[in-house]
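One letter stands for each residue in the lines below.
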Amino acid sequence: MNRFDYVRAASVAEAVAAWVPGASFLAGGTNLLDLMKGDIVRPSRLIDITRIPGLDSIEPLADGGLRIGALVRNSDLARDRHVSGTYPALAEALLSGASGQLRNAATTAGNAMQRTRCAYFYDPASACNKRDPGAGCDARGGDTRLHAVLGWSAHCIATNPSDFCVPLAALDAVVEIAGRSGTREVALEAFHTLPGDHPETETVLEEGEMILAVRLPPEAAGFAAHSRYLKVRERTSYAFAVVSAAASLRLAQGRIAEARLALGGVAAKPWRAREAERLLIGRLPDAAAWTECAAAALSGAHPSGDNDFKIDLARRLVATAFARAAAGTPDRLPALPASPFAVPVVSSGVHAFA
Amino acid sequence: MPDTIPTALPAALPALAPGHVRHGSSIGQPLTRRDGALKVTGAARFAADNHPPGMLHAVMAVASIAHGRVQSLDIAAARAHPGVVEVMTSSNAPKLARHPDQTGQPFTYKLDLLQDDRVRYANQPIAVVIAETLEAATEGALLLRPTYAAEPSSTSLDQAERFVPDTVGVGSPPNETSGDVAAGLADADSRIEATYDTAPQYHNAMEPHAVVARWDGDRLFLDTPSQGLSMAQARIAGLFGIDAADIHIESPFLGGGFGSKGAVWAPQVLGIMAARLVGRPVKLVTRREQMFGPVGHRAPTRQTLRLGADRDGHLTAVDHHTLTASSTFDDFFEPSGRVSHTLYETPNLRTTHEAVRLDTGTPFFMRAPGEASGSAALESAVDELAEACGMDPLAFRIANYAEQEPKSGKPFTSKKLRDCYARGAERFGWASRPLQPRTLRDEAGLLVGWGMGTASFPALMMQATARATLHADGTGLIELGAHDMGQGAWTAFAQIGADGLGLDAAAVELRIGNSALPNAGMAGGSAHTATAGSAIHDAATAAIRALADLATGDERSALFGAGNQGVVARDGRLHRKDDEQRSERYADILARAGRASLSADGKAAPNAANQAQYAAHAHGAVFAEVKIHPTLGQIRVTRLVGAFAAGAIINPRLVTSQYYGGMIWGVSFALHEHALHDPRTGRVMNANFAEYRVPVNADIPDMEAILVEEDDPYVNALGVKGVGEIGITGTVGAIANAVWHATGIRVRRLPITLERLL
Amino acid sequence: MSIPVALTINGRRHALVLDDPRVTLLDLLRERLDLTGTKKGCDRGQCGACTVLLDGRRVNACLALAVSHDGADIVTIEGLAESCGLEPGQLHPVQSAFIDHDAFQCGFCTPGQIMSAVGLLREARSDPNLDDDPERVRELMSGNLCRCGAYLGITEAILDASARLRDAGAEA
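Chains as they are written, first to last, in the working numbering: chain R, 1 to 354; chain Z, 1 to 758; chain P, 1 to 172.
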C-alpha cells in the first residue's frame, strides 16, 4: 500500500474541498483498501468521510420515497424494517452480497462505487484498460467466466460486481451527488457507464464529486408484494454472482400491470431491461410470459469469451426470478437470501418421485 | 512459548459410540481438546504471533512471469521508502553452504533462494524487503517494479511433452501390471472407457507459511509451523552449513498443514537468510497470493479408466492411466493409479502413469496425494460401469469386494469395509434409491441425487522416538517432537501416554512441537498418531517396566517378587497381577528408591515382517446427497454420510472431526477448488480466497461420520490406522455420482461447474 | 506524519500516535499491541480470521484503517469474556461451546469464528428467530472460512451457546 495523506472531513463541503487529483474518498474501506493492498489503486490522499454527520440515515420521504444516506451500512439498510418490508428485493440483494462482517462495514455509496472483480483488473501484471488506458485487455482470451455478455467493448469485458445496485436500477433509484459546484442528481441506471472506448471511466461522477445519498422514488414501493432477487453463485454463500436478477411485479386483476427487471454479473453496469419489462405489461404471469421476457432481456447479448453459457443461464434466471416474484414475496427473508436454494419449504428428507 | 498446556475438563458426549471406551482407559474417551482453552481465547501462539525484541518485518516480492529471468529491480526506490532497512536480492543474498537445488535427502525439494536471477514459476520469490514496519516492507516490495526477460511457459497438461517418470509418489513404479488387461476387457460383457480431469489445487492452510528467525552466532532460533521438525532442522542445517542441533524450532501449533508444512519452503528459508543479512530477528509471513506457487500444490491429473465386467457384474479388468505434472526442475508425481491396486477384486489390473513438466512450483503431498485424485476417477468410473451393468452402485462394489489386496494378493491386516457399506447405507437410507437418474425431486422441485464411493487410505507406519517420565509426585511426562496441525496431537498423545503410564490423562503433562524434544518423525501420511503414538506407548511401557524393576526387586515393596510381567499399572499404582489387592503407589516406589523421577525412551518403526505378509489400509464408504436447481444448475451437497473403519480410535471426538474435515475437502475437490493458470502467462489468476473457492459454512448443511469398530492386531501396538486423509477419498466420487444421479449428466471434469448441468 | 488515535481495546484506553496512516486495525493489534489472537488469513476481507467487534459489530480488521476508527471501542478474542463481565479465566459461552462441540481443529480461524459468532448473536437480537435456525447461522457464518472443515461443530456450538444464553437470560 502506498503512502498517502489522510484527511478527515467534518462536512461535505470540507470533503469536496479537500479533493485533489489522485485523491479518493474513504468510507467503509472494504473495497478501497482491498484495491490499495493489491496495488491496483494508489491514491495520493484519502479523504475520510465517515465522520460527516447526516450521511448515515435512512429517511422515508413525504412523497412515499426513501432516501438512503451515503454512509448507511449495508447491513443496517438490509435489516431496516421499512426497507425489508417495502423493498424486499433490495434487502435480499444486500444480504446475498459479501459476508456479515463486510456488510457491517460497507456503505451505500461504497457499494455503488465498487470496482469490478475482473481477475485481470486485479492483477497489476496484466494489461488492463481500466487501470492503464490504452494498455489493452488481457481478460480477452483469458478466463472469462465472470465477464460480460452485454454492453462490453473491445477494450473491456469486465462486469460490475454489485448486488445492491441491481434492484436499485430496477426500482429507478436516483443518486444524489455533491461536488464543488453544488449538488446534482442522476438516475442510478445512468450512474454507471459502459466501457466503450473509455473503460477507465466507470461512473458519471466528475473528479472530486462524491455520493450523498441514493433515493428511491415513491413508485418503488409499489412492488413490495412481488419482488425477488435471485443470484447464481459457485458456492452457496460468500461469492460474487455468475449472473443475478432483480425481478419485480405489480399485479392487477391477475395480470401484470408493471414489471421491473435488472440483471447483475452480465455487464459493466447493473443492466436494466426496459424492453423486456414492457413485454410483460398486460400479460398473465405465466411461464410463457417469463420466457418471452427473458429472451428479450438477453436479445443483445453475445459472449465476450468462453462465457456463452451465461446468456442461456441469464435467460433461465430471469424466468425463474419472475416466477418467484409472481409467487409472492415471502413473509420473511429466506435463510439463504437470493439463493436458488432459498426455498420456502423446509426439507423433511422425504423425497417424492417425479 | 508454552511447551505444555492446561488441561480442559472432558465433557460428556453421549452421541459418540460408547463401544470405543474401555473401562479405566483414556484411549477411546471423547476428551475435549487440551489446547481448546488456548485456542478459543487467542492465547495459542502461532509462529507469526511471535515478536522478539528488535524484530524486523520481511516481505517477499514474487515473480509475475512463469519462466525467464529477472532483468531489473528498482532497489533504490524500495530502499528510499521510509523504514526500509535492506533489500535482499540475488546480488546480496547470503551465500548458502549448499546450493538449494542440491537435494538428496528424502522429502527434500529444490528451492528458489535468490541464488540467481532465473524464474521457474509464477509467484517464485525474487527479492525480500526488510523494514522496521510491516507497512514499509509491504510497500517496499511493490516498489521494486521488476522487469523480466520472459520465455514461453507451459502450465497445462496439454502444453508440454509427455514422458514416463522413473517413480511416482514415494518411490513407486509408474507402471504395474498383473494379468492381461486387454484380454480381460475383451472378455467383458460390459465395459466403459472414460477420461476424468482433476484441477490443480493449492493447500492453503488458513495459517500462511511464516517464520520468525533469530540468529545467535551460528545458533538459530525459529518459530515456524512444521509437520516434520527433525527434517526441517536437517534441511536448514544443510543450507546454512550449521549443526542441526544448533537449530531450535518452536512449532507448538500449526494453523493447518495438509502436507504443505511437511517441508521447509523458500519463504521460511528466505526469512532466515534475511535475519542473517540484517543481523536482527526477522518475521516473514507469506501473503495469501504467495501461497499459490512456492509452497507446494496438488498437480492436475487426467485419468483414463477402462473397466470391464462380466454379466454378473464382476470386474474382468481395471486399466487406470494417469497423466499428471511436475515442475520443470524437480520431481513429484501424483500417484493416482495406486488406489486401483487396493480397492476392487480383478484378475487383470494395470496402472500406468505419464507426466509433463510445467512452469509451476513443484507439486507436493497434499491431503491424500494420489488417493484423492485417483479415487475421484476410480469411484466415478466404477459408478459408470455399475450403470452399464444395470446394477446398484453399492451392490456392484460389494460384488467386487477384495478379500485380498488385488495388486499384491496379500491378506489385509483388517478390513471392515463391508460393515462400513452396511452401516453407511442404512444410515443414509440408500436402499430406497431408484436406479434411474433424474428421478428424485424434493418438495421445492430441486433435483435430488444420491451417490456413493468407497474410501481407502494406506495404514502407514514411519519412525519416531519418545520419552516418558514418571515423577515422584505421581505425575507423568511425555516428551516428543510431535506436531499438532489440528488433528489433535495435544490431546490424543496425552491419552496414549496416560494409558501407557497407568495414569489419568489429567496427571500427564505432554511436551510436543519443539525440535529439542525426541525426534517424532513427521506428521504425514495419516501416520502420526500410529507412529508417534506407538513410540509414546513404547516409552511409557519401558518406564513402567523400569519402575516395576525398582519395586519387584525391593523387599520393602508390596510388589516384591512379582517379577516384571507380574504387575499391572493403573491409577498411579502398580498392582500384582496375581493379587490386585497388593499394590503400591508410583510415588512411594520412587521415593523409597530415592528417585525424583524415572525416564525411559521408546521408539516406533514399521514392522517389516508384518508389512511383508499383510496389506494395511483404512476403509470407508461415503454416501452423498446433492440438490441441483433444475434450470439454474447450482449445486449443493445437502447430506454426507461416511462410515469409516480405521482400527483403534484414540479419541472419537477428534476422529469424527478429522472425517468431517476430510469429507469437506471432498466437497471442495468435487465442486470448488481450481487454480486457474492463465495459459499465456502461467500466472494463477485466482490466487485469493474469493475466487479460489473452498467451501463456506453454508455449503455444509448436514454431515455424519460413523466410526466402525475394527480391531487390528498387526498395524502397530495400538492397533491405530490413520484417519486424516481417508475422508476425501470416496467423497469426491460420491458427489460426482450423485450429480449424475440427480441430472443424468456425467461430468468428468472436476470441479463440477454449473454450466455443465444446464 | 504523526496521527493521534485513541482507541478503547478490550476495555482499556489506548492513546496512540501512529507514524503511518496505512496501519490497519489488524496490524495495529497484532504487530504494535501484541494482541495476536486476531489472525491474518488473507488480509483482503476474504476469510474472516481477523474478525473483531468494532463498536459492537463484527468487522474484518484487515480492511479497516486504524486512523479511520479514532475513538472506537474494539473487542478482540483476548477481551471477549471480560467485555461481557466475566472474570479473568472464565470463558464466554460461545468459547466454551466451541470446545464442547469441537468447533475447530487447528484453531487458526477460531478467534475470528468466535468473534463473528458473538457479532451474529448480537445482530440476532433484532431478529429473534435468527439464531434458532441452523440454516441462517450457516449463511451468516459464511464469511469465516475454516480450511480444517469444522463447520458442523461451529454451527452446533453457536446454536448451543445461543440457547444457553437465552436460558440464562443473558445477551452475547
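Everything labelled a hint here was simulated from the structure, so no lab data went into it.
The beta-carbon is built from N, C-alpha and C at its ideal position, and this holds for glycine as well.
It cannot be assumed that every hint is accurate.
[As the list claims (entries may be wrong)] Covered stretches of chain Z, going by a simulated chain P footprint (3 or more residues, C-beta under 8 Å): (1) 205-212; (2) 226-232; (3) 641-647; (4) 660-672.
[Said to hold, decoys possible] Taking CB as the label site, the calculated pair distances span: (5) A187(R) x S126(P): 24 to 34 Å; (6) R680(Z) x A163(P): 37 to 47 Å; (7) H302(R) x D158(Z): 55 to 65 Å; (8) G241(Z) x P303(R): 30 to 40 Å; (9) A187(R) x D158(Z): 40 to 50 Å.
[To be verified] If you want the ones that stay clear, here's a sample from chain P, every Cβ over 12 Å from chain R, calculated: (10) D43; (11) G48; (12) G89; (13) E156.
### Query
Against the structure shown, which of the earlier numbered hints fail to hold, in ascending order?
The structure breaks hints 2, 3, 6, 7, 8, 10, 11; every other hint is satisfied.
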